[in-house]
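> Each chain, letter by letter, is given below.
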Amino acid sequence: MKRHLISAADLTRDDAVLILDTAEEMARVADRPIKKLPTLRGRTVVNLFFEDSTRTRISFEAAAKRLSADVINFSAKGSSVSKGESLKDTALTLEAMGADAVVIRHHASGAPYRLANSGWIDGAVVNAGDGTHEHPTQALLDAFTMRRRLVGRDAGIGRDLSGRRITIVGDVLHSRVARSNVHLLTTLGAEVTLVAPPTLVPVGVETWPCEVSYDLDTVLPKSDAVMMLRVQRERMNAAFFPTEREYARRYGLDGDRMAKMPEHAIVMHPGPMNRGMEITAEVADSDRCTAVEQVANGVSTRMAVLYLLLGGSEPAVTTTNARTEENK
Amino acid sequence: MTKILIRGAKLLGGEPQDVLIDGETIAAVGTGLSAEGAQVIEADGKILLPGLVDLHTHLREPGREDSETVLTGTRAAASGGFTAVFAMANTFPVADTAGVVEQVWRLGKESGYCDVQPIGAVTVGLEGKQLSELGAMHESAAGVTVFSDDGKCVDDAVIMRRALEYVKAFGGVVAQHAQEPRLTEGAQMNEGVVSAELGLGGWPAVAEESIIARDVLLAEHVGSRVHICHLSTAGSVEIVRWAKSRGIDVTAEVTPHHLLLTDDLVRSYNPVYKVNPPLRTERDVLALREALADGTIDIVATDHAPHPHEDKDCEWAAAAMGMVGLETALSVVQHTMVETGLLDWAGVADRMSATPARIGSLSGHGRPIAPGEPANLTLVDSAYRGVVDPAGFASRSRNTPYEGRELPGRVTHTFLRGRATVVDGKLA
Chain A
1 MKRHLISAAD
11 LTRDDAVLIL
21 DTAEEMARVA
31 DRPIKKLPTL
41 RGRTVVNLFF
51 EDSTRTRISF
61 EAAAKRLSAD
71 VINFSAKGSS
81 VSKGESLKDT
91 ALTLEAMGAD
101 AVVIRHHASG
111 APYRLANSGW
121 IDGAVVNAGD
131 GTHEHPTQAL
141 LDAFTMRRRL
151 VGRDAGIGRD
161 LSGRRITIVG
171 DVLHSRVARS
181 NVHLLTTLGA
191 EVTLVAPPTL
201 VPVGVETWPC
211 EVSYDLDTVL
221 PKSDAVMMLR
231 VQRERMNAAF
241 FPTEREYARR
251 YGLDGDRMAK
261 MPEHAIVMHP
271 GPMNRGMEIT
281 AEVADSDRCT
291 AVEQVANGVS
301 TRMAVLYLLL
311 GGSEPAVTTT
321 NARTEENK
Chain B
1001 MTKILIRGAK
1011 LLGGEPQDVL
1021 IDGETIAAVG
1031 TGLSAEGAQV
1041 IEADGKILLP
1051 GLVDLHTHLR
1061 EPGREDSETV
1071 LTGTRAAASG
1081 GFTAVFAMAN
1091 TFPVADTAGV
1101 VEQVWRLGKE
1111 SGYCDVQPIG
1121 AVTVGLEGKQ
1131 LSELGAMHES
1141 AAGVTVFSDD
1151 GKCVDDAVIM
1161 RRALEYVKAF
1171 GGVVAQHAQE
1181 PRLTEGAQMN
1191 EGVVSAELGL
1201 GGWPAVAEES
1211 IIARDVLLAE
1221 HVGSRVHICH
1231 LSTAGSVEIV
1241 RWAKSRGIDV
1251 TAEVTPHHLL
1261 LTDDLVRSYN
1271 PVYKVNPPLR
1281 TERDVLALRE
1291 ALADGTIDIV
1301 ATDHAPHPHE
1311 DKDCEWAAAA
1321 MGMVGLETAL
1331 SVVQHTMVET
1341 GLLDWAGVAD
1351 RMSATPARIG
1361 SLSGHGRPIA
1371 PGEPANLTLV
1381 DSAYRGVVDP
1391 AGFASRSRNT
1401 PYEGRELPGR
1411 VTHTFLRGRA
1421 TVVDGKLA
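Quick mapping for you: the protein sequence lines, in order, are chains A and B.
Per the numbering used here, residue 1 is the first one in the first sequence, and the count goes up by one each step.
Per the numbering used here, residue 1001 is the first one in the second sequence, and the count goes up by one each step.
Hint data in this document are derived by calculation from the structure and do not stem from the laboratory.
A couple of the hints might just be wrong.
[Claimed, not checked] One side only, chain A facing chain B, incomplete, derived with CB under 7 Å:
no. : residue
1   : 3
2   : 33
3   : 109
4   : 113
5   : 131
6   : 132
7   : 198
Think of the CB as a built atom: it goes at the ideal place given N, C-alpha and C, for glycine as much as any other residue.
Whenever a hint applies, use it, and build me the whole structure from the sequences.
See the structure below:
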């Protein structure tokens, strides 16, 4: 694996499978009475958030703490970030404080890449979402969720998502989740189809390794997982679609549409959901919807990422078997 | 009077000849000219061009002296072989009154490194709403003939029409920065494969092309001439080609960077590649070169846009748009046009000196290298190969996209009315 995690495209198939396998080990820790590993004791992880995202921040915070790292939350929102040097100066400050890893969320696409490649800091950089570019740990937790549900928790170890058909629906144009997922799911062997109104598909999408459809109903029966993206109501004002109701009618997932999906197929959502917009309450609250599971899986996956970027070669989890052998 | 004999220079790349400068003018051109009483410069087969003219330079003074001043900008110009530059109007305050253009003109006179011809803003404050006092700027000491809101598009069709019509009274020309504002809200880079991947706001080619199409039709309708700044797309080339074939009085410029660089470079998220109009695709680059060669695009203009370090040492979205270009323009043109066989040195002299001077109604520049003409000359060592090192720039700013890149050619001497502003590659 590379030293930073900026884009899902940086991951090879083996890297990605290793992260998912490691995340499964981490998930077992969550089932223990004491959900904590000593692996990153003495290491410092900074959550550098230039944009509000409580969900992602607490997920990373929980992940780092379960690995016993020291966590510093740095919310740069509200401070003067309009001038570019504040990213640089902030980075230099964190470097001076000895950050081993910086988890960065930024409204500007490419900010984590700049942070990792400008020589401002030495630590590992983890992209926690940059502008409309990427959100690689979200894609990893999505892949983790899919592998568990579609391949199996134990059966999935060491395996990828070969042959699985994944449909991503909604505002692809502005979605960092979609970009990262297209890269990662393709790397893992899945077949990805994007579904959106043509206004919300980027010009240039033809080079992406996926299919594009404007018609949700024809794609649903051929989907093993359907990921609904959050659609911001403000997009309506920029004429991306006429009204909320029209969007929901054409691209929203309701019970009738869900019934067209294969029996085993799951519904995913990165959250937060716009109930009534891209997803109805009936679907959101059904057993097939993995939204809450995804949140739990997010912690395990981020533990795996931090461990692999910072922990090096020592095993993350001492298994019960190993301990028994030691006792002999 | 000082006499200078340039011995054995290839005039516009032709056979080696001698050129005798006497005072401010060229006294003689021929072979075996007498060096008596003259300082001799052995050109040794270097290329002699008329002094270069840049129709599109940002000198930043008044207002942003932290990025460039008229003095540092003209020093950069002389280093790059220029003897005249047109200073864009987007200063602080905007050059939209006779007072501001005269100030810039006077600072140019004082600098002594090259002639500075101010460009006046088309509209007050570049706001696109009310015409500036174009006549007053023309009648001022600065004698403004080129008007532009560069940096902003004159997007209101009526204002553009009126401006095109109005400047006919004194032979002026409007230079349009073609960018449909609504289509480029939040735009960060060329819209296409790379923007889709990087998640940066797309800047569609049609935003440029639709304005050019509108403006050539307006120019035709009112019988005016129009100049298109920094044309950047293959589609724009098609429209200008069509307009010219129709007899519409349109001229167009291309920047050196649009002749060489593509939006693939943005994958580095390095804001040194952030520029307006944005870097486009390989297909556009090739179309622009072809158009410059066949005359569809009339001239090369640098769009030299200096910015302080902190405005580029940041994340992409926060960075300023623009690149410095005066000191690398000729090298890029040699690399992209001459060494590809698309243009000979006579063609370079036309595109970088004679025609920009004509478009800007600048007498005394872009003249033939002949007896009696003003001695505005540039001597180029075309055999030179070197790596671009911004530390050596005369410009106050360093935002060059060519750092570390090997480019051919070096200006060894520049003469402004017989006075050397650059000698052996160094500012005099």
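> Next, verify each hint and record whether it holds.
So, going through the hints one by one against the coordinates:
1. With a least beta-carbon distance of about 17 Å to chain B, the hint placing residue 3 of chain A at the interface is violated under the 7 Å criterion.
2. At its closest, the beta carbon of residue 33 of chain A sits 42 Å from a beta carbon of chain B; the interface hint therefore is violated under the 7 Å criterion.
3. Using the Cβ-Cβ criterion of 7 Å, the hint placing residue 109 of chain A at the interface with chain B is satisfied: the shortest such distance is roughly 4 Å.
4. At a threshold of 7 Å, the smallest CB-CB gap from residue 113 of chain A to chain B is about 5 Å, leaving the interface hint in force.
5. Checking residue 131 of chain A against chain B: minimum C-beta separation of about 6 Å stays under 7 Å; hint holds.
6. The interface hint given for residue 132 of chain A holds, since its Cβ lies 4 Å from the closest Cβ of chain B, which is under the 7 Å cut-off.
7. Checking residue 198 of chain A against chain B: minimum C-beta separation of about 14 Å lies over 7 Å; hint violated.
Of the numbered hints stated above, those contradicted by the structure are hints 1, 2, 7, listed in ascending order.
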